[in-house]
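A.B. asks: Assemble the whole structure, with the sequences as input and the hints as a guide.
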Amino acid sequence: MESIKDKVAIVGMGCSKFGERWDCSAWDLVVEAAYEAFEDAGVGPKDIQAAWSGTLGFAGGQSLAYPLKLDYIPINRVENLCGTGLETIRAATYALIAKAYDLVLCVGFEKTKDRGVGGLGSGEPMGGVHPVFGIQATPPGRYALAATKYFAMYGAEKKHLAMISVKSHYNGARNPKAHLRREITVEQALAAPIIAWPLGLFDCCGVTDGAAAAILCRAEDAPKFRKDYITVKALGNSAGPGCGKMMTDYDWVHWEETYRATQQVYQQAGIKDPRKELDLVECHDCFSIAELMCYEAMGFCERGKAKHDIEAGTFALDGEVAFNAGGGLKSFGHPVGASGVREVYEIYKQIQGKAEEPSRQLKNVQLGIAHNQGGHPGTFMCSMGIFGVPGR
Amino acid sequence: MAGIVSYGAYIPIYRLDRSLIWLSWGGLPVAGESAIANFDEDSITMAVEAGNNCLQGINRVQVDALFMASTTTPYKEKQCAAIVAEALDLKRGVRTADFTNSLRSATTAIQAALDAVAAGSANTVLVTAADCRMGHPSTADERSFGDGAAAVLIGKNNVVATVDASHTHYDDIMYQWRLDDDLFVRSWEDRFIIEHGYQDNVVEAVKGLMAKYDLKPADFSRAVLFAYDTRRHQAVARKLGFDVQTQLQDSLFSTVGNTGAAYTLMMLVGALEEAKTGAKILVASYGDGADAFVLNVGRGIGKVQKNRRGIKYHLESKMPLPSYTHYLRYRGLLQGSFFFENQSAATIQWRDRSWNISCRGGKCLSCGNINFPPQRICMYCQSKDQFEEVRLADRKAKLFTFSKDSLGPTLDPPIILCILDFDEGGRFYAQMTDRDPDKIEVGMPVELTFRWMHSERGIRNYYWKCRPLRQA
Chain A
1 MESIKDKVAI VGMGCSKFGE RWDCSAWDLV VEAAYEAFED AGVGPKDIQA
51 AWSGTLGFAG GQSLAYPLKL DYIPINRVEN LCGTGLETIR AATYALIAKA
101 YDLVLCVGFE KTKDRGVGGL GSGEPMGGVH PVFGIQATPP GRYALAATKY
151 FAMYGAEKKH LAMISVKSHY NGARNPKAHL RREITVEQAL AAPIIAWPLG
201 LFDCCGVTDG AAAAILCRAE DAPKFRKDYI TVKALGNSAG PGCGKMMTDY
251 DWVHWEETYR ATQQVYQQAG IKDPRKELDL VECHDCFSIA ELMCYEAMGF
301 CERGKAKHDI EAGTFALDGE VAFNAGGGLK SFGHPVGASG VREVYEIYKQ
351 IQGKAEEPSR QLKNVQLGIA HNQGGHPGTF MCSMGIFGVP GR
Chain B
1001 MAGIVSYGAY IPIYRLDRSL IWLSWGGLPV AGESAIANFD EDSITMAVEA
1051 GNNCLQGINR VQVDALFMAS TTTPYKEKQC AAIVAEALDL KRGVRTADFT
1101 NSLRSATTAI QAALDAVAAG SANTVLVTAA DCRMGHPSTA DERSFGDGAA
1151 AVLIGKNNVV ATVDASHTHY DDIMYQWRLD DDLFVRSWED RFIIEHGYQD
1201 NVVEAVKGLM AKYDLKPADF SRAVLFAYDT RRHQAVARKL GFDVQTQLQD
1251 SLFSTVGNTG AAYTLMMLVG ALEEAKTGAK ILVASYGDGA DAFVLNVGRG
1301 IGKVQKNRRG IKYHLESKMP LPSYTHYLRY RGLLQGSFFF ENQSAATIQW
1351 RDRSWNISCR GGKCLSCGNI NFPPQRICMY CQSKDQFEEV RLADRKAKLF
1401 TFSKDSLGPT LDPPIILCIL DFDEGGRFYA QMTDRDPDKI EVGMPVELTF
1451 RWMHSERGIR NYYWKCRPLR QA
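In order, the protein sequences belong to chains A and B. The C-terminal residue of the first sequence carries number 392 in the numbering used here, and the numbering is unbroken. The C-terminal residue of the second sequence carries number 1472 in the numbering used here, and the numbering is unbroken.
Treat the hints loosely; a few may be bogus.
[Stated by the list, open to error] Derived DSBU-like pairs (lysine-lysine); straight-line CA-CA distance at most 35 Å:
1) K17(A) with K113(A)
2) K1396(B) with K1078(B)
3) K5(A) with K46(A)
4) K305(A) with K1398(B)
5) K1439(B) with K307(A)
6) K5(A) with K272(A)
7) K99(A) with K46(A)
8) K158(A) with K1398(B)
9) K1384(B) with K1396(B)
10) K1280(B) with K1306(B)
11) K1078(B) with K1091(B)
12) K158(A) with K1396(B)
13) K1396(B) with K305(A)
14) K307(A) with K1398(B)
15) K272(A) with K307(A)
16) K159(A) with K69(A)
17) K159(A) with K1398(B)
18) K46(A) with K17(A)
19) K1439(B) with K305(A)
20) K1306(B) with K1318(B)
21) K272(A) with K99(A)
22) K276(A) with K158(A)
23) K272(A) with K305(A)
24) K158(A) with K1439(B)
25) K1318(B) with K158(A)
26) K69(A) with K17(A)
27) K1076(B) with K1312(B)
28) K1439(B) with K159(A)
29) K227(A) with K69(A)
30) K69(A) with K354(A)
31) K1216(B) with K1280(B)
In short, the hints are calculated from the structure, not lab data.
C.D. replies: Spelled out as structure tokens, the structure:
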């Protein structure tokens, strides 16, 4: 197996304003994100040779060709649950390394607010929903199963989850593109209505419309577009066989798929001590418990020990490794196809020193992780990548 | 001699204090409380509960026929006994039939079962009776009705109570009735139907039986009589010459309510679980005529009484229904707005019936682990197609973890989402029902129960949930 490290560069990115975009269609969001990326890279739609469209809600490559009026170029719609956005980048990276194309576009987007009801729906792939086994609860209800077990096993409490949300809200309040831009306190989080015990309102991300885009080329071509490009260091993907809720082997206190994908990306990127080597992690914090168990699955702390690091502020903006410096899904919501690309956007901007508000800007960012996990705990589809400055 | 081989019963966990109905409607109060089916129960699920309790310790392969008696079968067209048979995991060749449209349908089914056994066309017949009738809101019927189920196994081997005499007659009277599209039971004036419907018929049947077999009231240790209400129940008993204190079987009227087609059978189970060897029991049902039987309790009764889930077990185990509004909600009379999606598929229901309805998992012949739902490739050892089907419905389990989902679509939030591990191995993903949300903890023992999950396109989707062990 050959390494993909530093072979592909991101030379332009765009990100729509995330929120309840009642006045915007999915196509409006795509145009908003893609045209920011075009401008950022100094290219136009006619320069793009192939594209990948990341969305759960729309079928086919037309979902990009139509809103952007691309010129009959090859486009695939990619879907991999919550990892959908990152999967567009994975597909594009391999195509560039194969030299099938020289300049490509990835757009992840979702229009979640046209359903007439709140929430993201069943979260199950279409056609795969079993009448009595498939839908038993909402996504927070499913993640709460893990929180209950984690609390019982390791003695963490609701306040530890609250502290994660307080941290993410703090970061999101400093991001103009975020959906929820309000700082909260631990007391507010603990007093909030219960959504799915033990998870309260502030343990859950919003339901949001949004889009994000990236323009990629091979690393040797990148200087033609810009000096401060970033490169793809590693890409991981782990699909759980789907047995956590059926198989007694699963303990409900760790994310196995995230752990497996982490092993892949650390090996590809040569990471030995993540806590020292990584500067930024944009992880899948659809619920606070998701982020907590990511600390452990990604090797930033030992299993069952996350509460000590939460109390110490290890993962805050001014801590050892910033988690969700951009505000995370907590502040951006989770327009499913958009989230992964939006995470890479935060890493890209942080490395370039261009976080919109100085109070969110980290110092000397070299390497960051983007991560998503989708599905039912015990049955995840995990996609993740490491991105950073060339040669690092 | 043919007779009863085993029995079981079921009473829903919720009880509605009848004064809560009175608080909403006023009018004449009816004392006591009514057993109310949970929002996920109906006559089919209650018949499964009673039938399953009746079959404990019995080899199900022996059952040759399954009759379901009810005036509230959820489907007008589509047999409900077939669903009950599937959920009880009875063999394919079982004869199934619904006995409906009459309060007397349970005793009609018992007579048909006795006839089949006597004729030799079946050795063992399971008769289940369940009802979940609704009186019109504000009426005395609403305050009198309750929900419940009972089951008896009729056979000629291992009989614990022989049926030695019977009487039947029909009677055409507008007592209580429902047209095809009626939600609520209609009644004529109570003074008329009590006198010429209930009393006349029960008296005629019992007197006819005693005359035919030369029996007198003093010969019986117990009289199980259908009841209109407590007062009229006792009046009929006295009219027949029974001593109310010592001979009349408790009508359950003030603790459960009138459970329609299941009523007489539930009282009979109540009598059987207290009966001693040598007891003689009179049974008389009512509805469009009356049926009466004489039962002689034999030596095996003690063995069946042991650990049997009948009336006593369920009567003592209860939770108060907090309000009349809950009752209206559970019966669908007060409808909320819920967003259910993609929840019915006749095809999936059909091809997955062995685990959706019969609750069979796959036991891997290679590694021995239980796979539920059944798989082609073992979750544990990846062997392909090496499974034997095993029924999991009666296995004990412990709660591994849970959540309380306030937003999931349900008529009774929060959804208690559960991961349970069976004591004998294997994991089950289920909702919890019949629970107090404040009394759930990791590690608590739970058992499975057959429930109605939801409906769409006129399909009732049944499946299994878990519940805390029912204890008084």
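A.B. asks: Determine for every hint whether it applies to the structure shown.
C.D. replies: Here is what the structure says about each hint:
Of the supplied pair hints, the one linking K17(A) and K113(A) holds, its CA atoms being roughly 14 Å apart against a limit of 35 Å. Using a Cα cut-off of 35 Å, the hinted pair K1396(B) and K1078(B) holds, with the two alpha carbons roughly 32 Å apart. Restraint check: the Cα-Cα separation between K5(A) and K46(A) comes to about 28 Å, which is no more than 35 Å; the hinted pair holds. For the given pair, K305(A) sits about 27 Å from K1398(B) by alpha-carbon distance, which is consistent with the 35 Å threshold.
Simply put, K1439(B) and K307(A) have alpha-carbon atoms about 26 Å apart, close enough for the 35 Å limit, and the pair holds. Simply put, K5(A) and K272(A) have alpha-carbon atoms about 16 Å apart, close enough for the 35 Å limit, and the pair holds. Between K99(A) and K46(A) the alpha-carbon distance is near 19 Å, which keeps this suggested pair within the 35 Å criterion. Annotation: proposed proximity of K158(A) to K1398(B) holds, straight-line Cα distance about 24 Å (limit 35 Å).
For the suggested pair K1384(B) and K1396(B), the alpha carbons sit about 28 Å apart, so the restraint of at most 35 Å is met. A threshold of 35 Å between alpha carbons decides the hint, and for K1280(B) with K1306(B) the separation of about 20 Å falls inside it, so the pair holds. At roughly 19 Å between alpha-carbon atoms, K1078(B) and K1091(B) fall within 35 Å of each other, so this suggested pair holds. For a cut-off of 35 Å, the pair hint linking K158(A) to K1396(B) stands: about 31 Å separates their Cα positions.
In summary, the hint linking K1396(B) to K305(A) is supported, as the alpha carbons are separated by about 33 Å, within the 35 Å threshold. The straight-line distance between the Cα atoms of K307(A) and K1398(B) is roughly 28 Å, inside the 35 Å bound, and the hint therefore holds. Distance hint between K272(A) and K307(A) is fulfilled; the C-alpha atoms sit about 23 Å from each other, no more than 35 Å. Distance hint between K159(A) and K69(A) is unfulfilled; the C-alpha atoms sit about 49 Å from each other, more than 35 Å.
Restraint check for K159(A) and K1398(B): satisfied, since their Cα atoms lie roughly 28 Å apart, inside the 35 Å limit. The hinted pair formed by K46(A) and K17(A) meets the criterion: a straight-line CA distance of about 25 Å does not exceed 35 Å. Taking the CA atoms of K1439(B) and K305(A), the gap is about 28 Å. The hint holds against a cut of 35 Å. Only pairs whose Cα atoms come within 35 Å are accepted, and K1306(B) paired with K1318(B) is accepted, the gap being roughly 21 Å.
Pair hint K272(A) plus K99(A) holds up; C-alpha atoms about 31 Å apart against a cutoff of 35 Å. Distance hint between K276(A) and K158(A) is fulfilled; the C-alpha atoms sit about 28 Å from each other, no more than 35 Å. Among the hinted pairs, K272(A) with K305(A) is consistent with the structure: their alpha-carbon atoms are about 20 Å apart, no more than 35 Å. As the CA atoms of K158(A) and K1439(B) are separated by approximately 19 Å, the hinted pair is consistent with the 35 Å bound.
For a cut-off of 35 Å, the pair hint linking K1318(B) to K158(A) stands: about 32 Å separates their Cα positions. For the proposed pair K69(A) and K17(A), the alpha carbon gap of about 22 Å is at most 35 Å, so the pair holds. Using a Cα cut-off of 35 Å, the hinted pair K1076(B) and K1312(B) holds, with the two alpha carbons roughly 33 Å apart. Between the alpha carbons of K1439(B) and K159(A) the distance comes to roughly 22 Å, so the proposed pair stays at or under 35 Å and holds.
With a C-alpha separation of about 29 Å, the suggested pairing of K227(A) with K69(A) holds against the 35 Å cut-off. At most 35 Å may separate the alpha-carbon atoms for a hinted pair to count; K69(A) and K354(A) meet this at roughly 30 Å. In summary, the hint linking K1216(B) to K1280(B) is supported, as the alpha carbons are separated by about 12 Å, within the 35 Å threshold.
When the structure is compared with the earlier hints, a violation turns up for hint 16 alone.
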